[in-house]
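Asker: For reference, the chains in residue letters:
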Amino acid sequence: MANLQAIVAEKFPEAEIVNGETLELNVPDAKWHSLATTLKNELGFDNLTALIGMDWGDLLGVVYYLTNTSTWEVVRVKVTTADRVKPMLHSITDLYAVAGIYEREVYDFYGIIFINHPDMRRLFLRNDWVGFPFRKDYDANPEVNPVRLDHEKVDDVTVSYVETAPGKIEKRKVEIFSPEQFVVNIGPQHPATHGVLRLRTAVDGETITKIDLYLGYIHRGIEKLCEGLTYPQTLHFTDRLDYLSAMINRHALCLCVEKALNLEVPRRAQVIRVMMDELMRISSHLLAIGTFCMDLGATTMLFYPLRERETILDILERTTGARMTFNYNCIGGVIADLDPNFQADVKKLLEIMPKAIKEYNKVFTGNVIAHNRMDGVGVLSEADAKDYNCTGPTGRASGWACDIRKRHPYGIYSELQFDEVVRHEGDSMARFKARISEMEQSCRILAQLVDQIPEGDICAKVPKIIKLPEGHWFQQVEACRGAFGVYIESAGGNQPLRVKFNSPGFCLAGAVDHLTRGEKIADLITIGGSLDYVVPDIDR
Amino acid sequence: MEVTTKSMPYGDWKDNEYIEGMVNELKANGVNVVVGSLDKLINWGRSNSIWPLTFATSCCGIEFISLGAARYDMARFGWEVARSSPRQADFMMVAGTIVHRMAPVVRRLYDQLAEPKYVIATGGCAISGGPFRHSYHVVKGVGEIIPVDVYCPGCPPRPEAMIYAIMQLSRKIKVERFFGGVNRQEKQQDFLKNHPLDKMAD
Ligand code: SF4
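As you go down the protein sequences, you meet chains G and L in turn.
Here the working numbering runs 282 ahead of the position in the first sequence, where the first position is 1.
Here the working numbering runs 74 ahead of the position in the second sequence, where the first position is 1.
Accuracy of the hints is not assured; some may be wrong.
Ranges between beta-carbon positions, derived for each pair [claimed, not checked]: (1) 267/L with 426/G: 45 to 55 Å; (2) 152/L with 600/G: 26 to 36 Å; (3) 189/L with 424/G: 49 to 59 Å; (4) 144/L with 745/G: 27 to 37 Å.
The list that follows gives simulated cross-link-like pairs (lysine-lysine, BS3-like), each with its CA atoms no further than 30 Å apart [said to hold, decoys possible]: (5) 88/L with 267/L; (6) 191/L with 435/G; (7) 214/L with 506/G.
Now the stretches of chain L that chain G is said to cover, found in silico as 3 or more residues with beta-carbon under 8 Å [as the list claims (entries may be wrong)]: (8) 85-92; (9) 184-195; (10) 235-245.
To be clear, the hints were calculated from the coordinates, so they are not data collected in a lab.
Using N, Cα and C, we set each Cβ at its ideal position, and we do this for glycine too.
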């Protein structure tokens with residue numbers, strides 16, 4: 283860290299260096315691109331973990347979190363502009379591929395234009411939307427943006443703001459699809475896209491040449507809603523983001539608030555949280571492999587995993603009272619104590635799971651058709667995984683050891699024995715197998731904990747009204763699809779200034795175009811299924 | 075008059091007054107409520123094989139998958155033929171939040187369904203916007219853009235509740251002649267007149 287500070291201070295005297303939770307660099311926009319180049323090429327920060335748009339009232343800006351994937355150091359960079367009429371910042375899409383989709387999100391919400399970004403269109407909202415909803419002065423009157431029932435126009439051209447000489451910006455038209463290209467529209471309502479994703483796909487015969495991604499068909503504006511609620515009130519939204527990692531997402535938000543409050547969570551609650559997370563992971567992977575196989579035509583493989591999933595849902599339901607949106611974690615611990623039969627139920631599950639996994643492998647994994655459909659399809663290299671910020675089973679199937687439970691351990695994970703599943707093929711088969719192995723590891727964790735649940739409180743003492751001090755906090759956890767991050771910025775008071783859910787699915791969706799180029803159109807289904815994104819997690 | 079389905083005794087329904095009230099109202103208005111045998115036969119067939127259009131946008135949709143799997147097994151009732159094309163489906167199970175960008179798509183799918191068509195609004199989101207009601211981008215209930223026949227509350231509703239909702243729909247279909255038939259059609263026409271499609275862009 284000291285080294286990093288020295289290098290930055292020497293090369294960029296105008297950068298303001300702040301020591302906080304992570305090292306923070308404050309740079310003027312003019313220097314940002316060259317700082318990013320230095321950070322990436324000389325200092326090894328090769329992964330853009332999060333990119334967060336911000337509105338501080340007088341200033342608009344962006345906060346970046348960059349990770350060095352060999353040392354797992356994190357650095358935070360803040361770039362701001364005072365121009366509210368036509369704010370412009372420099373893009374870093376040429377350095378980090380994932381920035382392409384992140385920056386479009388910021389443009390959509392805050393109206394910040396990124397110079398040299400190849401495609402400055404809205405991402406979630408209709409292109410005839412009026413205003414930028416995340417700005418603090420946004421006009422929320424429903425008459426400005428009524429529910430429109432006409433179909434929006436689809437564009438084949440987009441704009442880009444190119445810097446031709448320092449300080450000189452030129453607006454250019456960029457073609458997305460040429461008139462000769464044959465474009466097939468897939469979605470938003472298509473059974474194989476795993477939710478409401480829309481892909482405009484250019485094909486040459488059966489080969490995909492380009493995919494243009496349309497998001498926002500389930501964009502609920504959760505982050506904006508959070509800004510008007512108190513911290514305990516924001517919790518229930520996390521269950522509805524990636525509803526298959528409900529417990530884990532909520533765990534992340536609770537951890538982030540607890541970090542801000544400096545709150546010690548009782549040991550019993552910590553153990554319960556980890557057990558719930560792992561149960562959730564197994565159930566999510568079960569559904570993931572089930573629906574994936576169904577998309578490939580293996581309907582039996584949908585029913586087998588769902589059978590085990592129901593067993594897990596029963597366990598969760600006995601304790602929490604719900605099958606999907608559990609509302610179980612709370613700030614300081616968990617809301618209710620375990621069901622008296624919880625331990626016995628988990629033990630029963632641990633008996634069933636190895637047999638079930640053997641069965642899945644017998645039914646499907648060794649099947650020659652499965653191999654033909656999945657081997658070598660949608661290969662993602664390790665470098666690309668970092669570049670596109672594809673974490674979770676997808677990243678690990680490409681050889682990137684990115685399990686947050688190991689890299690930035692939280693809760694009691696550092697005390698537990700389990701292996702990080704890393705494979706090196708990077709294809710759809712590897713992603714499928716990684717999920718199966720992860721279920722085995724989750725069972726291992728559960729087996730270690732099931733007899734070790736300590737007695738004690740389930741929730742720490744928390745003040746009636748939760749007020750966070752001024753500041754910002756970023757917390758990541760390993761959700762079922764990858765690293766899920768929560769960013770909270772507070773100006774003091776009981777409501778956040780900004781909450782950002784940095785979801786893994788968003789980055790996975792950003793990699794679809796890259797992964798499918800040159801593949802056959804039938805493989806689009808395989809690739810989408812193997813990435814296993816959940817669309818409300820992408821759209822938020 | 076007892077309107078029920080085969081799998082549910084009449085006394086077990088929670089809201090018989092509603093359906094009786096409707097029948098009485100129609101009777102009072104002079105509508106002939108005696109169903110002809112042919113009508114009965116047709117409705118018996120229709121109400122026992124209503125095919126859903128898979129239309130799941132979010133969390134509620136996952137419970138719909140559970141409904142199709144072995145434990146809740148909707149095949150028992152003849153609803154398991156979930157269609158991906160609106161041309162082949164009888165009703166639309168709107169499961170999940172409907173947002174502004176999705177609204178025209180929902181409307182188009184509804185328009186593409188072949189008559190007779192029905193809609194079940196599943197979950198708080200589809201009914202009223204649910205937890206996201208105050209968002210700038212959420213439609214406050216799918217009833218704002220298409221006519222709804224059955225509301226199924228919950229967040230998400232349990233699969234059992236979905237079964238109840240679909241059975242409720244098949245009960246309504248059974249008496250289609252009086253409050254499905256003429257009257258319902260009129261309501262639907264009224265609805266579409268009051269919610270015109272704006273000019274089509276493509
Ligand atoms: S009603 Fe609840 S479970 Fe259903 S889509 Fe809305 S938030 Fe999700």
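Asker: Given the range 27 to 37 Å, decide if the beta-carbon distance of residue 144/L to residue 745/G lies inside it.
Answerer: violated (47 Å)
Asker: Verify this for me: three or more residues of the region 184-195 of chain L with a beta carbon less than 8 Å from a beta carbon of chain G.
Answerer: This one is violated; 0 residues, fewer than the three required, reach chain G with a Cβ under 8 Å.
Asker: Take the C-alpha atoms of residue 88/L and residue 267/L, compute the straight-line distance between them, and say whether it is at most 30 Å.
Answerer: violated (33 Å)
Asker: Could you see if the CB distance from residue 267/L to residue 426/G stays within 45 to 55 Å?
Answerer: Taking Cβ atoms as reference, residue 267/L and residue 426/G lie about 26 Å apart, which means the hint is violated.
Asker: Count the residues of the region 235-245 of chain L whose CB lies closer than 8 Å to any CB of chain G, then report whether that count reaches three.
Answerer: violated (count 0)
Asker: Check the hint pairing residue 191/L with residue 435/G against an upper bound of 30 Å on the C-alpha distance.
Answerer: holds (28 Å)
Asker: Cβ-Cβ distance between residue 152/L and residue 600/G: within 26 to 36 Å?
Answerer: holds (32 Å)
Asker: Can the region 85-92 of chain L be counted as covered by chain G under the rule of three residues or more with Cβ-Cβ separation shorter than 8 Å?
Answerer: violated (count 0)
Asker: Falls inside 49 to 59 Å, the C-beta gap from residue 189/L to residue 424/G?
Answerer: With a Cβ separation near 32 Å, residue 189/L and residue 424/G fall outside 49 to 59 Å, so the hint is violated.
Asker: Verify the proposed pairing of residue 214/L with residue 506/G, using a straight-line Cα cut of 30 Å.
Answerer: Holds. Residue 214/L to residue 506/G sits at ~17 Å (cutoff 30 Å).
Figure legend: structure checked against the earlier numbered hints; hints not met, in rising order: 1, 3, 4, 5, 8, 9, 10.
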